[in-house]
Structures are given as C-alpha cells and as structure tokens.
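Note that our numbering has the sequence shown beginning at 104, numbered continuously upward.
Hint data in this document are derived by calculation from the structure and do not stem from the laboratory. All values derive from a computational prediction rather than experimental measurement. Backbone N, C-alpha and C fix where the C-beta goes; we use that ideal spot for every residue, glycine too. Please note that a few of the clues may not be correct.
Straight-line distance between alpha carbons at most 30 Å, and here's what the computed BS3-like set of lysine-lysine pairs gives [to be verified]:
no.	residue 1	residue 2
1	K139	K160
2	K261	K126
3	K160	K126
4	K139	K126
Label pairs and their computed distance ranges (CB to CB) [to be verified]:
no.	residue 1	residue 2	range
5	V225	L162	18 to 24 Å
6	Y232	N163	32 to 38 Å
7	G189	H212	26 to 32 Å
8	G141	T275	27 to 33 Å
9	L282	A136	26 to 32 Å
10	K261	N206	26 to 32 Å
11	D280	I191	33 to 39 Å
12	G260	R132	29 to 35 Å
13	E226	H161	16 to 22 Å
14	K139	N180	28 to 34 Å
15	G141	Y210	31 to 37 Å
16	H161	T275	33 to 39 Å
17	R245	G189	14 to 20 Å
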Amino acid sequence: AILSNNFNQKHFPTKLDDTDLEKKTVIARAAAAMVKGGESIFVGIGSTMLQLVRNLKHLNELTVITPSIPVAMELTNTPFRIIVLGGILDSNELDLSGPLTLNNMDYFHVNKAFLGAGGVTVESGISDYNPNGYGRHAKMSRCADTSILVAQSDKFGKDALSIEMPLSNVDTIITDDML
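Just need the whole structure built from these sequences, with the hints factored in.
This is the structure in structure tokens:
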C-alpha cells in the first residue's frame with residue numbers, strides 16, 4: 104500500500120513507549136544523518152524508529168518502506184513516497200507482520216535498512232519481544248545495501264524472546280554513549 108500524503112492523522116492514537124526519549128532522539132539524529140535525499144530506506148518498528156523519521160523531514164525526496172503504522176503516519180505530510188508493508192496488525196505496537204509482510208519485502212531493494220531491537224548479544228544477535236515479527240529484520244537486511252542497527256545501550260547484553268538475525272548481518276551500529 105502507498106499512503107496518500109493528504110491523509111488526515113489528527114485522530115490517530117500513538118501508543119509507543121517514550122521512556123528514555125532523550126537517548127532515543129540522540130540515537131535517531133545520528134541515524135538520520137546517514138540518510139541522503141533521493142534514497143530508499145526500510146524503517147523498522149518502535150519508538151526509536153519513530154524518532155528517526157521525525158529527523159528526516161528536512162529532506163525533499165525519500166522513499167520509506169515500513170511495517171510500522173506510526174512511522175507511516177508521522178510522514179504523511181511530507182513529500183516522501185511512503186510504502187506500508189501489508190500484514191497482520193499488532194494492536195500494541197501498531198505494526199504489521201506475518202507472511203504477507205515478508206513476501207512484500209521481496210519486491211524491494213533499498214539503500215539502507217534501519218533496524219531496532221529488543222535485545223542484542225554477540226551469541227544470539229538481534230532479538231525482539233514479539234515473535235509475530237520473526238523474519239522482518241533478516242529480510243530487511245537482505246534487501247538493503249547497508250543494514251544499520253539503531254538501539255539504546257540498555258538493549259545490549261540481553262536477549263528478547265524472538266531471535267531475529269546474527270550481528271554479522273549488521274554493517275553499522277548506532278547507540279548511546281552508555282555502552
């Protein structure tokens with residue numbers, strides 16, 4: 104689906120976690136600095152990804168592909184092309200997952216994939232809390248020239264429920280100065 108830029112988002116609820124918002128914003132600004140106008144990017148789910156796209160709005164041209172409804176909604180009044188991957192809606196995270204999401208990724212190649220995490224360890228790699236999203240990280244990484252992990256330092260050294268992909272698939276890690 105391609106979201107129309109004239110969509111009215113006035114009544115759209117966002118339920119994303121705003122804990123450590125200052126850290127997330129600093130990390131997101133560093134990630135956003137890696138994006139150039141005219142590129143195509145995958146943007147994952149979560150509150151740090153939402154901060155990332157808020158820091159991209161100064162660009163004139165960009166294609167953003169995402170399974171995140173809040174990310175798509177944040178960009179509705181920009182000149183960007185916004186592609187929302189289909190799938191099964193998780194009403195807690197407001198993201199889409201499942202076979203349809205993964206299959207739709209096969210139709211795209213992007214310059215950069217920005218991935219969040221629930222946990223990061225050397226042994227297990229990137230993990231997340233929702234097993235319904237299994238496979239999204241690895242698929243986004245395979246469809247991108249560059250894969251960038253964007254995560255707070257408190258995510259490192261612990262595993263979340265669903266193991267997503269090894270760290271060897273990540274080209275760049277952006278985190279805060281507490282690591």
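The hints, checked one at a time:
no.: 1; hint: K139 - K160; result: holds (11 Å)
no.: 2; hint: K261 - K126; result: holds (19 Å)
no.: 3; hint: K160 - K126; result: holds (20 Å)
no.: 4; hint: K139 - K126; result: holds (23 Å)
no.: 5; hint: V225 - L162: 18 to 24 Å; result: violated (34 Å)
no.: 6; hint: Y232 - N163: 32 to 38 Å; result: holds (36 Å)
no.: 7; hint: G189 - H212: 26 to 32 Å; result: violated (18 Å)
no.: 8; hint: G141 - T275: 27 to 33 Å; result: violated (20 Å)
no.: 9; hint: L282 - A136: 26 to 32 Å; result: violated (19 Å)
no.: 10; hint: K261 - N206: 26 to 32 Å; result: holds (31 Å)
no.: 11; hint: D280 - I191: 33 to 39 Å; result: holds (37 Å)
no.: 12; hint: G260 - R132: 29 to 35 Å; result: violated (24 Å)
no.: 13; hint: E226 - H161: 16 to 22 Å; result: violated (39 Å)
no.: 14; hint: K139 - N180: 28 to 34 Å; result: violated (21 Å)
no.: 15; hint: G141 - Y210: 31 to 37 Å; result: violated (20 Å)
no.: 16; hint: H161 - T275: 33 to 39 Å; result: violated (21 Å)
no.: 17; hint: R245 - G189: 14 to 20 Å; result: holds (19 Å)
The structure is inconsistent with the numbered hints 5, 7, 8, 9, 12, 13, 14, 15 and 16, although it conforms to all the rest.
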